[in-house]
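> Based on the sequences and whatever the hints tell you, model everything.
Below, each chain spelled out in residue letters.
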Amino acid sequence: MVYWISIILMGIGIYGLLTQKNLFKQLISLAIIDTAVNVFIIAAGYVEGGKAPIYTKALPSFLKGAFVDPLPQALVLTAIVIGVGVLALGAALLVRVKEKHKNLDVENMKGVGE
Amino acid sequence: MMTLAIAIPLIAAFLAAIRKSWGYILYAIAAILNFILSLSLIGAVPSIHALGGWKPPFGINLVLDNASFYAILFINAIFLIVAVFPDIIGKYATVMLVLMAAVNGFVLTGDLFNSFVFMEIISAAAVIIASKRENYYSAFKYLIFAGIAGSLYLIAVIFVYTQTGSLNMAQAAYFSFSQKSLVAITTLFLIGLGVEAKLFPLNGWVMGVYGGNDLAPVILSTAVTFSAMYMMGRLMITIFGGGVLQVLYVLALITMLAGELAALYQKNLLKTLAYSSIGQAGLVLAVLSKGKEPFTSLAYFQLMNEVTAKLVLFLVAGYLVYKYTNLNGIFKSHKVLGTAFSIASFSLVGFPLFAGFQSKLRIIMEAFKGGDYLLPALLLLATLIELTYLIRWNVRLWFEDQVEEGEKGSWRHGFVAIALAIFLVVIFFFPNIYLAPASKMADAITSVSGYINIVTSGLGGM
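Residue numbers (our numbering), protein chains in the order written: chain R, 1 to 114; chain G, 1 to 462.
Treat the hints as calculated values from the structure; they're not laboratory data.
Keep in mind the model is a prediction, meaning the values are calculated, not measured.
Away from chain R, derived, C-beta distances all over 12 Å, residues of chain G:
#1 I18
#2 I29
#3 S178
#4 L361
#5 D443
Okay, the calculated bits of chain R under chain G, using three or more residues with CB under 8 Å as the criterion:
#6 26-35
#7 40-52
#8 70-78
#9 82-89
#10 94-104
Counterexamples of contact, computed for chain G against chain R with all Cβ distances above 12 Å:
#11 L33
#12 L353
#13 E366
#14 N432
#15 S449
#16 N453
Every residue gets a Cβ at the ideal spot worked out from N, C-alpha and C, and that includes glycine.
See the structure below:
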């Protein structure tokens, strides 16, 4: 079920990348794709009815195999950090693009003729 | 030991971020140390390093086999050569150091998720390098391409994890995937790596980035391309043998022709060379996609020749393009640079007496032996196109009437370019300088059981 959220989000992201002429909207589309991938990873590690993967005093009940896979969650943390880095880099570049070409709309940008 | 190849440039990068003025010196020191370190690693081949003591199936491990050893040796040599040019590096020393760390890590790592992280660092650093000389729009396009590639690469990694329950490359190589999941995984990896490897539908960023400044092509078309090609072989042949190699073959042939044709119609020197490097990448990928010896070793042999020639071409072109506005007849004032440029372009085409001849001839002969007539035919066609535009540029830069007064050239550029150009001639007479490492790399890449054995030799608990 959660996979569908991920697939729909990815579709939105790709649609945005293909149709938007504003560079900032393209960047946001990229961020949506990142989010979709993160949701996908979390969904891959989910176990039906599973609990948080933390060892507590209630350990015996966990041994029945009912906690979600912790590794994808650790991976997602890293992926989120990378995504934020890329997003910040893109935004910084766009500030410079706006300064140099006066506009963020691909059709109205100045000096990108070639 | 091999952890230092990642740690030294990373520490230097932090120091360079604190003291900007030390940037170039730190870069030079790190490049020298890394090169010496990778030379000294020859005694440690083959071995693995389990990070934090977490043995292979659990933690991240770095794998040093013949393939990754020669790859980091070659890559660090390129970083060392670039260290000769403080004016090219300029204010980008910190980013170059991060790139150096990431490329070394990308080649050495034996963990799929770790390779994704290093790939993202490579593309972030490469985007910043691409933005030199106010080339912001091209850099942004590159960021979008690399961002999507990274996402698809990550999905592929997660597919592998859900199938095998591990992120370890050796475990994935050992696991027998079903045909369907193999196709899905390799397709995603192909797209993920295809952006850095300049595969046909994914190379829209190349001309903007390589044509935009003098630093980006020198380092991205050499060291980063080499690491991407290494990883392509590692993933497509060693770890997920089979998969979509035929698709790669077709796309690579299209890449080769499209790149060379586009180069034919370019008026800008840097952009011509950028398209030409797409064409060459297509050739290497096409040969690599055969997936077996002796093609794999020839692919890496061709790649080494191409990278050496491209380093010379981009060094000379980047230097001249930003010094003069009109390049007609400019080599009359820069005879040394001109000679190096001509030798490198002849080697790229594959004239006898130059390195490219050795690799291209071998590729054609082996392809004929294997009963494949498509690759030789297209390769010869591509070579013909390449010959046309490179001769045209050589004629224009040597013999047309000089418009601008030539200034005194930089001795660093002259020395490095001519040294590398002479090296290309030496390779023709002693091809084993490159061919022997290339075939060792290829042996390590095509031997799946060898790779698994190296990693399992360090097998253990936590």
